[in-house]
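The sequence shown lines up with residues 1 to 105 when you count with the working numbering.
Source of the hints: derived by calculation from the structure; they are not laboratory data.
Keep in mind that the hints are not guaranteed to be accurate.
Estimated spans, in silico, between C-beta atoms of each pair [what the hints assert, rightly or not]: (1) Gly7 x Arg98: 42 to 52 Å; (2) Asn8 x Thr78: 32 to 42 Å; (3) Asn8 x Thr68: 15 to 25 Å; (4) Gly102 x Lys69: 38 to 48 Å; (5) Glu60 x Pro21: 29 to 39 Å; (6) Gly13 x Lys74: 41 to 51 Å; (7) Lys69 x Ala32: 15 to 25 Å; (8) Ala33 x Lys61: 38 to 48 Å; (9) Thr44 x Ala101: 36 to 46 Å; (10) Thr68 x Asp43: 27 to 37 Å.
Within a straight-line C-alpha distance of at most 25 Å, the following computed SDA-like cross-link-like pairs (lysine to any residue) qualify [what the hints assert, rightly or not]: (11) Lys61 x Phe24; (12) Lys61 x Gly102; (13) Lys35 x Gly7; (14) Lys35 x Thr58; (15) Lys61 x Ala101; (16) Lys74 x Val17; (17) Lys69 x Ala33; (18) Lys69 x Leu97; (19) Lys35 x Gly102; (20) Lys61 x Glu103; (21) Lys69 x Val17; (22) Lys35 x Ser48; (23) Lys35 x His9; (24) Lys61 x Ala96; (25) Lys69 x Glu103; (26) Lys35 x Asn8; (27) Lys35 x Glu16; (28) Lys35 x Pro10; (29) Lys35 x Ala99.
Cβ coordinates follow ideal geometry from the N, Cα and C atoms, glycine included.
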Amino acid sequence: MTAPIEGNHPRHGLDEVIHAPVRFSIVATLAAADKAEFAFVRDTVEVSDSVLSRQVATLEKAGYVAVTKGYVGKRPRTWLALTAGGRAAFADHCRALRAIAGETT
1 MTAPIEGNHP RHGLDEVIHA PVRFSIVATL AAADKAEFAF VRDTVEVSDS VLSRQVATLE
61 KAGYVAVTKG YVGKRPRTWL ALTAGGRAAF ADHCRALRAI AGETT
């Protein structure tokens with residue numbers, strides 16, 4: 001059995017954590033803002049609370065998303081935000097996708 005060949009193909013720049021479609025959608029949504037309410041992200045990405053919670057937990061474990069809980073009045077709220085590492089990983093992932101698609105910008 002031969003070892004996989006690691007080369008210069010841009011696919012090596014893809015981030016396996018971000019690449020999953022729902023996680024990619026979450027990160028893309030968060031990249032457009034400093035932070036967003038859980039419900040806004042859920043509705044934007046069109047997933048259930050449980051799906052969003054699981055995917056955010058994966059992103060949080062990777063250090064890509066920070067979760068903050070608090071209150072607006074008496075109502076509990078959860079805010080999601082990309083960390084600096086998450087923003088960098090998303091930028092690198094998008095750069096790899098553009099390179100695979102043949103774009104140079």
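Hint by hint, here is what the structure shows:
no.	hint	in the structure
1	Gly7 x Arg98: 42 to 52 Å	violated, 18 Å
2	Asn8 x Thr78: 32 to 42 Å	holds, 41 Å
3	Asn8 x Thr68: 15 to 25 Å	violated, 39 Å
4	Gly102 x Lys69: 38 to 48 Å	holds, 43 Å
5	Glu60 x Pro21: 29 to 39 Å	violated, 18 Å
6	Gly13 x Lys74: 41 to 51 Å	holds, 46 Å
7	Lys69 x Ala32: 15 to 25 Å	holds, 22 Å
8	Ala33 x Lys61: 38 to 48 Å	violated, 22 Å
9	Thr44 x Ala101: 36 to 46 Å	violated, 24 Å
10	Thr68 x Asp43: 27 to 37 Å	violated, 19 Å
11	Lys61 x Phe24	holds, 15 Å
12	Lys61 x Gly102	violated, 32 Å
13	Lys35 x Gly7	violated, 36 Å
14	Lys35 x Thr58	holds, 18 Å
15	Lys61 x Ala101	violated, 29 Å
16	Lys74 x Val17	violated, 35 Å
17	Lys69 x Ala33	holds, 17 Å
18	Lys69 x Leu97	violated, 33 Å
19	Lys35 x Gly102	violated, 32 Å
20	Lys61 x Glu103	violated, 31 Å
21	Lys69 x Val17	holds, 23 Å
22	Lys35 x Ser48	holds, 19 Å
23	Lys35 x His9	violated, 33 Å
24	Lys61 x Ala96	holds, 23 Å
25	Lys69 x Glu103	violated, 40 Å
26	Lys35 x Asn8	violated, 35 Å
27	Lys35 x Glu16	holds, 23 Å
28	Lys35 x Pro10	violated, 30 Å
29	Lys35 x Ala99	violated, 28 Å
Hint violations for this structure: numbers 1, 3, 5, 8, 9, 10, 12, 13, 15, 16, 18, 19, 20, 23, 25, 26, 28, 29, all remaining hints satisfied.
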